[in-house]
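Add chain D to chain Y, keeping to what the hints say.
As given, the protein sequences belong to chains Y and D, one line each in that order. Reminder that position 166 of the first sequence reads as 166 in this note's numbering, one-by-one numbering, no gaps. Reminder that position 194 of the second sequence reads as 194 in this note's numbering, one-by-one numbering, no gaps.
It is worth saying that the hints were derived from the structure and are not from the lab. There may be inaccurate statements among the hints.
Identical chains share a label here; the pair holds if one copy fits it or two copies do between them.
[Claimed, not checked] Think about it this way: if two alpha-carbon atoms lie no more than 25 Å apart in a straight line, the pair counts; the simulated SDA-like pairs of lysine to any residue are:
hint, residue 1, residue 2
1, LYS64, ARG38
2, LYS148, ARG188
3, LYS148, TRP181
4, LYS80, ARG180
5, LYS64, ILE76
6, LYS148, ALA195
7, LYS80, ALA24
8, LYS148, ASP22
There are 2 protein chains.
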Amino acid sequence: MTQDEQVAAPTDDMPWSEVTPDAARRLMVAAVEAFAERGYHATTTRDIASRAGMSPAALYIHYKTKEELLLRISRIGHEKALEILRRAVEAEGTAAERLAEAVRSFVRWHAGHHMTARVVQYELDSLGEEHRPGIVALRRQSDAAIRKIINDGVRSGEFDVPDVPGTTVAVLSLCIDVARWFNAEGRRTPDEVGALYADLVLRMVGTRS
Amino acid sequence: MTQDEQVAAPTDDMPWSEVTPDAARRLMVAAVEAFAERGYHATTTRDIASRAGMSPAALYIHYKTKEELLLRISRIGHEKALEILRRAVEAEGTAAERLAEAVRSFVRWHAGHHMTARVVQYELDSLGEEHRPGIVALRRQSDAAIRKIINDGVRSGEFDVPDVPGTTVAVLSLCIDVARWFNAEGRRTPDEVGALYADLVLRMVGTRS
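With the rest of the complex left out, here is chain Y:
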């Protein structure tokens, strides 16, 4: 997805392009909206089907349970976030350039897809015990991606970071919380928030941009 598409997006436009067929994708979009508005536990499969203009029976063709929907939303959301961070880790450039780009793109994602991000972040405890380890593993990898860039910068002398694990958590947390407060009708675009946050994070690791 290009930056332009994300800026233009007034609401949560996560395309879910990997979800097929079309009916399964429409149900997933409906589930994100319902979970974000009313919470997972207050949403029924009937609510989701009716938002998607379908019958409950049609939903069961694609998803056995409401939890299967939450699990797929959570997995796709976490995989997208991880992909964004990995791309930044593996890019060319100094640690400062890669960290700035990781923050810019991670923030843009959380601002542009704030509804999906909220469901992914706030309904984690609603996943059953058997599904949580897979998601926790994805989160550990996101954490490791940011930690690696910070460690690279400490090693090269670009950064001055007394507490790498704690600073890693703070950087991710700052970006993730954009999903809570970002308002598509507010004064700043996702790109502007991303640029500000990249600057703030470079300060947090002891580099002035």
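This is chain D only, laid out in the frame that chain Y set:
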């Protein structure tokens, strides 16, 4: 510390000492737990009463509706947060000392009362239109408190902040998100997270501690 230990929060020790009589306070604690676990919309007044070991009829003596409970939790939570920030604004000391103390105490509160803080932050949209303006006014005052300290520091030459409103949002956001990831059984105490975050925020505003 990793971001993934979002397992159900053990307990929240918000004393709600201003809530009397005892039955009203027990109901409020039960409501915080239920809202945090299942979400506002999935919680019934019957659930809350039974968690508090009371009958639904006994609940109605103290609270007319479920929304009244949410409103009182939200108002008390926001007032506590504002009181913490105001105390830091009005304290003696340099802007850096006051900002560090504001962050330390705000983080301690969000870590120590993460269940309450989650309800306060994530169920804001569940409040009716007529109640939201009062809460929004309290949030604006919290924002103004942090902005004032940052402006003081810019004026005195202690801080170098190109974007004061954006940095204010980021500082508050960083602290608030502690309520999402903080785990009382994790490796760091609320005090330790507060100390780390105070250091990171001083870096964000261009002062090295």
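- Message: Of the numbered hints stated earlier in the document, which are not met by this structure?
- Response: 8
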